[in-house]
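Kindly generate the complete structure, drawing on both the sequences and the hints.
Top line first, the protein sequences correspond to chains Z and C. full-length UniProt numbering numbers the first residue of the first sequence as 1 and each following residue consecutively. full-length UniProt numbering numbers the first residue of the second sequence as 1 and each following residue consecutively.
One or more hints might be untrue.
No copy labels: a pair is met if it fits in one copy or bridges any two.
[Unchecked claim] Listed next, the in silico DSBU-like pairs over lysine-lysine satisfying Cα-Cα at most 30 Å (straight line):
1. Lys348 / Lys378
2. Lys378 / Lys125
3. Lys96 / Lys146
4. Lys98 / Lys212
5. Lys348 / Lys98
In short, the hints are calculated from the structure, not lab data. Fair warning: this is a prediction, and the values are worked out from it, not measured in the lab.
2 protein chains.
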Amino acid sequence: MEIDAGKGMECQRTMDGRESNSNGSGKAVVVPSCCMKARASEPELDAKCHSTFVSGWFSELQSASDKSVKEVYFNNPMWPGEAHSLKVEKVLFKEKSKYQEVLVFQSSAYGRVLVLDGIVQLTEKDECAYQEMITHLPLCSIESPKNVLVVGGGDGGVLREIARHSSVELIDICEIDQMVIDVSKKFFPELAIGFEDPRVHLHVGDAIEFLKNAPRGKYDAIIVDSSDPVGPAQELVERPFFETIARALRPGGVLCNMAESIWLHTHLIQDMISICREIFRGSVHYAWASVPSYPRQDFPHVLCFALVLYLYRMINLQSKFYGVIGFVLCSTEGPPVDFMHPINPIEKLDGALEYRRQLMYYNSEIHRAAFSLPAFVKREVEALRNC
Amino acid sequence: MEIDAGKGMECQRTMDGRESNSNGSGKAVVVPSCCMKARASEPELDAKCHSTFVSGWFSELQSASDKSVKEVYFNNPMWPGEAHSLKVEKVLFKEKSKYQEVLVFQSSAYGRVLVLDGIVQLTEKDECAYQEMITHLPLCSIESPKNVLVVGGGDGGVLREIARHSSVELIDICEIDQMVIDVSKKFFPELAIGFEDPRVHLHVGDAIEFLKNAPRGKYDAIIVDSSDPVGPAQELVERPFFETIARALRPGGVLCNMAESIWLHTHLIQDMISICREIFRGSVHYAWASVPSYPRQDFPHVLCFALVLYLYRMINLQSKFYGVIGFVLCSTEGPPVDFMHPINPIEKLDGALEYRRQLMYYNSEIHRAAFSLPAFVKREVEALRNC
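Structural data, given as structure tokens:
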């Protein structure tokens with residue numbers, strides 16, 4: 001809880017005098033104390049976040065019965081000092097695409113698991129909460145969305161959720177990695193079903209390029225469902241990207257973007273909110289959702305890496321860990337958007353609750369509750385104090 | 001999500017034809033499919049939940065540097081197929097009390113950790129969210145609480161939170177295990193400070209006996225902060241216990257009790273709510289809070305054990321795992337209590353926000369949000385459908 005007061009500038013202070021080495025550039029960069037936990041993970045090199053599932057964390061346990069049982073775990077190396085592991089039943093797919101390593105395995109507790117560059121992206125068991133929240137938080141905040149863009153989201157889950165909105169006429173999706181789409185179609189049919197909707201137009205390529213070429217004001221809503229900002233998603237955490245998003249949105253259009261968790265690095269939330277308030281001149285809010293069974297992910301390693309790379313820039317990191325997902329919701333100047341009181345409640349949309357499959361997690365109550373912030377967040381993130 | 005529809009009776013059905021053996025009684029009891037995951041943990045005997053921290057889950061990792069590093073983890077054996085481990089820096093205390101094994105260790109990521117009979121009870125890092133929620137949810141729901149009883153809570157954290165309410169004149173606490181109190185005073189001063197309040201009257205002994213001897217209608221609020229219902233807390237999950245609670249509460253008095261997580265065994269929530277509605281004739285509601293950094297606990301083993309023992313009885317299990325804590329809030333017949341809209345908001349109580357230390361997690365917004373339930377819970381728990 002003794003996280004520093006969350007001012008952007010304080011990110012540059014050294015809290016304990018130590019310095020971190022940037023991963024690759026060789027340039028020493030100061031890391032604030034609230035990030036030290038992430039940094040401290042460095043010595044635990046046995047638990048590499050980008051290792052394959054065969055890591056130093058595997059256990060070979062002798063079962064209590066007579067016969068020897070080999071137990072293999074996919075480990076999400078978390079903080080130094082704690083570990084969350086998923087038992088691997090079978091590796092279903094493992095290949096390097098042009099952009100990243102794509103791994104699918106059958107876990108014994110979470111169904112099938114999709115892993116990109118060593119980071120768990122989704123599990124069959126609990127993808128519902130994430131996909132529903134990132135989609136319906138923005139789409140239920142505006143009336144009759146028609147044109148929607150998904151950035152990333154190659155698994156198809158967000159498409160599946162957008163399809164519940166019968167007002168939607170066009171769903172563009174720009175995913176850089178064809179392999180993710182193919183793998184999802186093969187191993188995650190419950191998600192990839194999203195691609196079957198006739199309103200979906202798939203564009204395989206770079207999102208920045210796509211957005212630059214999009215007509216100004218084309219979209220009512222844009223949903224950024226990208227992987228962590230290392231590898232192919234690197235550009236998607238920078239200010240220019242948000243400027244192209246704002247340009248592609250109609251006046252009063254909305255963006256929903258994965259954001260930092262409240263339980264960690266509140267100064268990054270502060271930065272993100274501040275920058276979004278400059279770029280998106282409508283309303284900017286922070287929402288969070290508890291996705292309790294979400295496996296904790298090896299975010300800290302990513303954070304550490306990204307921090308060094310982007311210390312002086314806007315950082316928007318995915319943080320599907322600690323059972324919590326954060327979202328930043330922004331609207332452009334134009335008709336005002338009140339994110340906290342959905343104007344387009346899902347319960348009133350014809351057939352939305354049952355479309356293709358029942359809505360599992362999201363409802364209007366959960367929507368409103370997502371904007372309630374714990375006491376320490378309001379204290380530490382000045383930009384959220386009066387939200 | 002394919003949990004069965006949550007009817008109490010369905011708990012007795014066999015979903016896959018297999019039967020479980022009760023742990024000790026030798027009587028075969030049918031376990032519903034939604035509990036099979038817990039049952040399936042049985043073969044993983046290496047990960048005993050009641051083992052000391054020296055378990056089969058320890059890892060000796062060879063560090064990437066030249067020197068060999070021994071890494072010792074306290075493992076909370078979770079579901080078969082996943083594991084959450086805390087790195088042990090130093091064992092500070094380990095002794096068997098008359099009732100249970102009490103262990104305190106210094107973890108590297110969560111500060112000091114209190115473990116009873118192999119189950120993590122609290123960590124310094126994130127006790128705030130739990131203690132604040134279990135205390136202020138009930139106390140902010142009634143006007144000017146005066147007499148409050150804590151059942152369990154030997155660490156003192158709930159006492160610390162009750163003390164924020166200046167209307168309170170008497171705080172009784174009935175904890176069965178003196179060793180828990182002593183250990184907390186020695187190793188968890190931030191919690192044990194609760195005992196220093198002059199309004200606190202400590203009773204070391206059995207809660208049922210204490211309640212039987214309490215004058216009828218003595219308390220405005222009772223908070224049950226017990227350990228899991230194996231060992232000394234076993235009686236605290238049965239119907240007669242709730243009857244003595246109801247008797248000790250004034251008309252319109254309130255109970256807050258740890259409850260099952262929404263993400264698991266929704267049929268048990270259904271049972272609990274139903275039974276509470278019979279006993280407490282005022283309002284009965286279910287709240288939940290995300291406590292993201294709460295370490296996942298080895299609840300499933302306990303559940304499995306308790307399920308066998310109590311299958312035909314009311315089950316009220318602690319479930320501080322999956323980053324989620326559930327609470328059942330009940331009021332007795334009398335002046336109506338609207339738990340969902342706190343009549344006694346903490347922000348309006350003189351000095352409450354800063355008393356002894358700043359409130360970290362709870363506020364009135366979080367209070368209201370705690371009653372928002374995901375779509376699948378409303379579907380599966382009939383008793384909560386219209387909440």
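Outcome of the hint check:
1. Taking CA atoms no more than 30 Å apart as the test, lysine 348 paired with lysine 378 passes between copies only; the shortest distance there is 17 Å, against 32 Å inside one copy.
2. When the C-alpha separation of lysine 378 and lysine 125 is checked against a cutoff of 30 Å, the pair qualifies only between copies, where the shortest distance is 19 Å, while the shortest distance within a copy is 32 Å.
3. With identical chains, the CA atoms of lysine 96 and lysine 146 are never at most 30 Å apart, being 36 Å at best within one copy and 65 Å at best between copies.
4. For the homomeric pair lysine 98 and lysine 212, the shortest alpha-carbon distance inside one copy (23 Å) is at most 30 Å, but the shortest distance between copies (71 Å) is not.
5. With identical chains, the CA atoms of lysine 348 and lysine 98 are never at most 30 Å apart, being 43 Å at best within one copy and 58 Å at best between copies.
Of the hints listed earlier, those the structure fails to meet are numbers 3 and 5, in rising order.
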